[in-house]
Amino acid sequence: MNNLTWDLQLLNACAALLLLLAFAMLSQRRIVTLVYLLALQGALLCVATLLVAWRTGESHLYVSAGLTLALKVLFLPWLLNRLIRRLDVYWDTESMLNTGGTMLIGVGIVIFSFGLAQPISALASTATRSSIGIAVAVILLAFLTMITRRKAMSQVIGFLSMENGLFFGAMSATYGMPMIVELGVALDVLVAMLVLGVFFFQIREQFDSLDLHHLESLKEQK
Amino acid sequence: MTAVDLLTQGLEIAAAVLGAPLFVGWINQCRAWLQNKSAPSILQPYRMIRKLFLKDAVLAHDASPLFRMAPYVVFGTMALAAAVIPSMGMRLPFTVAADAIALVGLLATARVFMALAAMDIGTAFGTLGARREMMIGFLAEPALLMVILVASLISTTTSLAGISEFTTSQALGIYPSLAFTAVAFTMVLLAENARIPVDNPATHLELTMIHEAMLLEYSARHLALMEWAAALKLFNYACIGFALFAPWGLASGGAGPAALALAVPLLAAKLAAAGAGLALIETVSAKLRVFRAPEFLATAFLFAVLGMLVRLLLGT
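Protein chains in written order, with my numbering: chain A, 441 to 662; chain B, 2 to 317.
Same shape as in the complex, but just chain A:
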């Protein structure tokens, strides 16, 4: 059954590891480790992009792999680590659900997204189409990470991980988006990160913590 070429095998391994990392991020409560996992996810994405670029010979994918490496593996984790040190948030508080329950929901989500991706995979013509399901699962798992966390920091990391999943999905469905879109998205993520960094300080100044449930009540306290 395993008569795929070695680059496809490596791509499948990357996809499987991305799924594993999504679960690791779901269960991890130390924010420093979460950043480390995010960087690892970026690195895997970079390897996967390089493999697809090598396979298809599309030169813009090399640029996008370089962009992933610079932005998602080096710059953003560095920025996040700096923010963690300056804001002094190393641990997330107890999440909304216990770890076991979250994992079970996660497994359910993976099954759901596999079902969801099956018709799309059937229509796609790329060799990497079987990874679409994994990409959808990574997106939804990152979404779940954002839902179950309280601290603003881990929600932002979940957001970045969701972007990674989207990127991977685009790559497996259509061998990547056009260059101009990719550049736009990369810039958006960068700016969003910088703005959110400022937001963190504002939130903390206002509420003395980064816990987002303070934002749920709209009335001003008198």
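These are calculated hints, taken from the structure and not from any lab test.
Since the model is a prediction, treat every value here as computed from it, not as a measurement.
C-beta: ideal position from N, C-alpha, C; glycine also.
Any given hint could be a false lead.
Claimed, not checked - Selected chain B positions facing chain A (in silico; Cβ < 10 Å):
hint	residue
1	295
2	310
3	314
What the hints assert, rightly or not - Pair by pair, the computed Cβ-Cβ distance ranges are:
hint	chain 1	residue 1	chain 2	residue 2	range
4	A	538	B	220	39 to 45 Å
5	A	446	B	139	40 to 46 Å
6	B	38	A	652	49 to 55 Å
7	A	657	B	124	55 to 61 Å
8	A	586	B	313	25 to 31 Å
9	B	52	A	521	52 to 58 Å
10	B	286	A	654	35 to 41 Å
As the list claims (entries may be wrong) - A few chain B positions that, by computed beta-carbon distances, are all more than 10 Å from chain A:
hint	residue
11	132
12	169
13	289
For chain A, the structure is supplied; the task is to place chain B on it using the hints.
What follows is chain B alone, placed relative to chain A:
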């Protein structure tokens, strides 16, 4: 059924029963080296068993026949399991008689008898150990079954020999699903054999012990059999791991003596590598609190489930 097949089967059982203490001795030696201690002799487990066999057995007044019977049952099931697991050849009389699910049942029988014997005397420690063992067991078993099911899904057979045969016939490649299940299997192995993240095999009197707590009332030949069975269990688990994930070098059915001559040293090499790896894992990890053990095993189960999901989606 040729004479070589019968010879292989006999050799398999003999190697397991006689070699298991040597495997434990090797692990202890590796662990001592890694921890900068002077290592005990690799033959130490044999000396221990011999010493225990020479002693007179002491039984508690309230011991029922079950308590005396348990060591023989546990040792017998482990020896039978050793015959079922294809550690040297694939199409042998015993290995085709029972599939992997029956094997899991066999291991569960041993566990039930051990727990019953531990509760038989009615001491606090025995009951405590039995309860903990059952807790670990009921969490580890689904994970183990899931691991076996993933391998069965790939090779479309639940027979361990069939799985090995299928895997050896395939070209070498990257199988993410098998990699995940291998991690899950290693975690189950550690939990089931009372190794370090879950239980400490080097301790005799500690409130957190699981395996040792069940054996506290045993002495002499009964204790020797129990210890021997524990070594055999570890050996069996290692061989299940080889059959599932690294079956190269097994003599296929009807093969000549040359294949057998190759299978024996390969098994020894695999065991040596596995023992060193196990010692390494035990040295770098700390023992978990008992209440964290379910989390450890839930992770193992998750790995196995992920392996299955990846297999279903990617087809690898």
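Status of each hint after checking the structure:
1. 295: 8 Å, holds
2. 310: With a closest approach of 5 Å, the residue 310(B) hint holds.
3. 314: It holds, given that the least Cβ distance between residue 314(B) and chain A is near 5 Å, below 10 Å.
4. 538(A) to 220(B): 39 to 45 Å: About 43 Å separates the Cβ atoms of residue 538(A) and residue 220(B), which means 39 to 45 Å holds.
5. 446(A) to 139(B): 40 to 46 Å: At roughly 41 Å between Cβ atoms, residue 139(B) and residue 446(A) fall inside 40 to 46 Å, so the hint holds.
6. 38(B) to 652(A): 49 to 55 Å: 51 Å, holds
7. 657(A) to 124(B): 55 to 61 Å: Holds - the Cβ-Cβ distance for residue 657(A) and residue 124(B), about 57 Å, lies within 55 to 61 Å.
8. 586(A) to 313(B): 25 to 31 Å: Cβ of residue 586(A) to Cβ of residue 313(B): about 26 Å, so the range 25 to 31 Å holds.
9. 52(B) to 521(A): 52 to 58 Å: 57 Å, holds
10. 286(B) to 654(A): 35 to 41 Å: At 39 Å between Cβs, range holds.
11. 132: 20 Å, holds
12. 169: Holds: least Cβ distance 13 Å, greater than 10 Å.
13. 289: It holds; residue 289(B) is separated from chain A by about 14 Å at its closest Cβ, greater than 10 Å.
When each numbered hint is compared with the structure, no violation occurs for any of them.
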